[in-house]
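Colleague: Letter by letter, the chains look like this.
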Amino acid sequence: MAAARYLKARLSIGAALAASVIGGSVYFVQASPGSTTSEPLEVTAPVAPPPAATLPIVPASAGNTAAAPAAPTSAPVKPKATATAKRSRAS
Amino acid sequence: MTSSRLGLLAFFVASFAGGLALRSAELGTIPWAVSRASGLAAFAVLSASVAMGLLISTKASDGLMSRPFVFQMHQFLAVASLTLIAVHAGSLLFDGFIEFTSLALIVPFISSYEPLAVGAGVIAAWLAAITTASSWMRSRISPKRWRKLHYLTFLAYFASLGHGVFAGTDTGLPLVYWGYVLSAAAVLALTTLRITGYRAPRRAAAKAKATPGGHARGLA
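For the record, the sequence lines run as chains A and B.
Going by the numbering used here, the first residue of the first sequence is number 2, and it counts up by one from there.
Going by the numbering used here, the first residue of the second sequence is number 327, and it counts up by one from there.
Derived from the structure by calculation, the hints contain no laboratory data.
Please note that a few of the clues may not be correct.
[Stated by the list, open to error] What follows is a set of in silico ranges between Cβ atoms, one per label pair, in the way DEER data are often shown:
hint : chain 1 : residue 1 : chain 2 : residue 2 : range
1    : A       : Ser33     : B       : Pro469    : 21 to 31 Å
2    : B       : Ser465    : A       : Ala32     : 16 to 26 Å
3    : A       : Ala32     : B       : Trp462    : 31 to 41 Å
4    : B       : Ile456    : A       : Ala17     : 23 to 33 Å
5    : B       : Ser465    : A       : Ala20     : 47 to 57 Å
6    : B       : Leu335    : A       : Ala19     : 41 to 51 Å
7    : A       : Ala4      : B       : Trp504    : 33 to 43 Å
8    : A       : Ala19     : B       : Trp504    : 22 to 32 Å
9    : B       : Trp504    : A       : Ser33     : 20 to 30 Å
10   : B       : Leu501    : A       : Ala19     : 25 to 35 Å
11   : B       : Gly389    : A       : Ile14     : 21 to 31 Å
Where is the CB? At the ideal position from N, CA and C, for every residue including glycine.
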């Protein structure tokens, strides 16, 4: 009788412990949904948007033609040496 | 060694080996959650085992619970605490945040995370294992040596308390915090009774009624 009582007590306590560990694990997992403390935080600096290309606004008035510098629309292109030019040098 | 102890030893070895084999699995926060839950449960069970042992030595539970029952529960809770400690430590092998190594779980004070507090936990685990094993081998060692080894249980308890308070994630929770406080208060109170040689009055009366050659009442 005593052995059966001890066995029953052991089984009850063992089941309670297993349930508490499983239940506690579930609770802790749900309490940290984003894995904020288990996984390393990946902090990335926000990417700054590229500066908007702004062109100086040149008012369309007659007396203000030299005030604003003309914004270069494209870089000057070096003229390529042509075959004609080379032949002319040789001759 | 009995078959149940062999089975228990096999369980520990298999769990450790299985943990090592599954370290590459991506388990997210589950290992950490299991470690927290099993660690708290291990401390609670260890506290109960220590309290049961002190109830036996002080005989303070006489009249409330039979001494053999308390003794059986004391032994069972000691083994249960070892099992939960193994689950607690083994689950840390899966954790991808701190990445405990197997060596850090066995050798104290070499962990990269809170080396002192974690080291205290490792020491507590070893001491709990030693005291439990010494009880299994009680028939093979002298009572004096067994008693000296068993006193290590106090060191194991307070080391585990320090480990839980300083390395535990949930110390700030009221339930956990007051659990630590109540556990320490109970163990300290019972230890004080033990040191002062307290004996329950009922026990003294029962002893007076015991027959000269027989057993005192309350013993099974």
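Colleague: Does each hint fit the structure? Answer for all of them.
Modeller: Right, here's what the structure says about each hint:
In this structure the hint that A:Ser33 and B:Pro469 lie 21 to 31 Å apart at CB is violated, the actual value being about 49 Å. With their beta carbons about 47 Å apart, B:Ser465 and A:Ala32 fall outside the hinted range of 16 to 26 Å. Between A:Ala32 and B:Trp462 the beta carbons are some 39 Å apart, a value that agrees with the proposed interval 31 to 41 Å. Between B:Ile456 and A:Ala17 the beta carbon distance is about 27 Å. The supplied range of 23 to 33 Å therefore holds.
For B:Ser465 and A:Ala20, the hinted distance range of 47 to 57 Å is not satisfied, since their beta carbons lie about 35 Å from each other. Taking the beta carbon of each, B:Leu335 and A:Ala19 are about 20 Å apart, not inside 41 to 51 Å as hinted. In this structure the hint that A:Ala4 and B:Trp504 lie 33 to 43 Å apart at CB holds, the actual value being about 36 Å. Between A:Ala19 and B:Trp504 the beta carbon distance is about 24 Å. The supplied range of 22 to 32 Å therefore holds.
Checked against the hint of 20 to 30 Å, the C-beta distance between B:Trp504 and A:Ser33 comes to roughly 22 Å, which is consistent with it. B:Leu501 and A:Ala19 have their C-beta atoms about 20 Å apart, which leaves the hinted 25 to 35 Å range violated. The hint said 21 to 31 Å for the Cβ distance between B:Gly389 and A:Ile14, and at roughly 22 Å that hint holds.
The structure does not agree with the numbered hints 1, 2, 5, 6, 10 stated previously, though it agrees with the rest.
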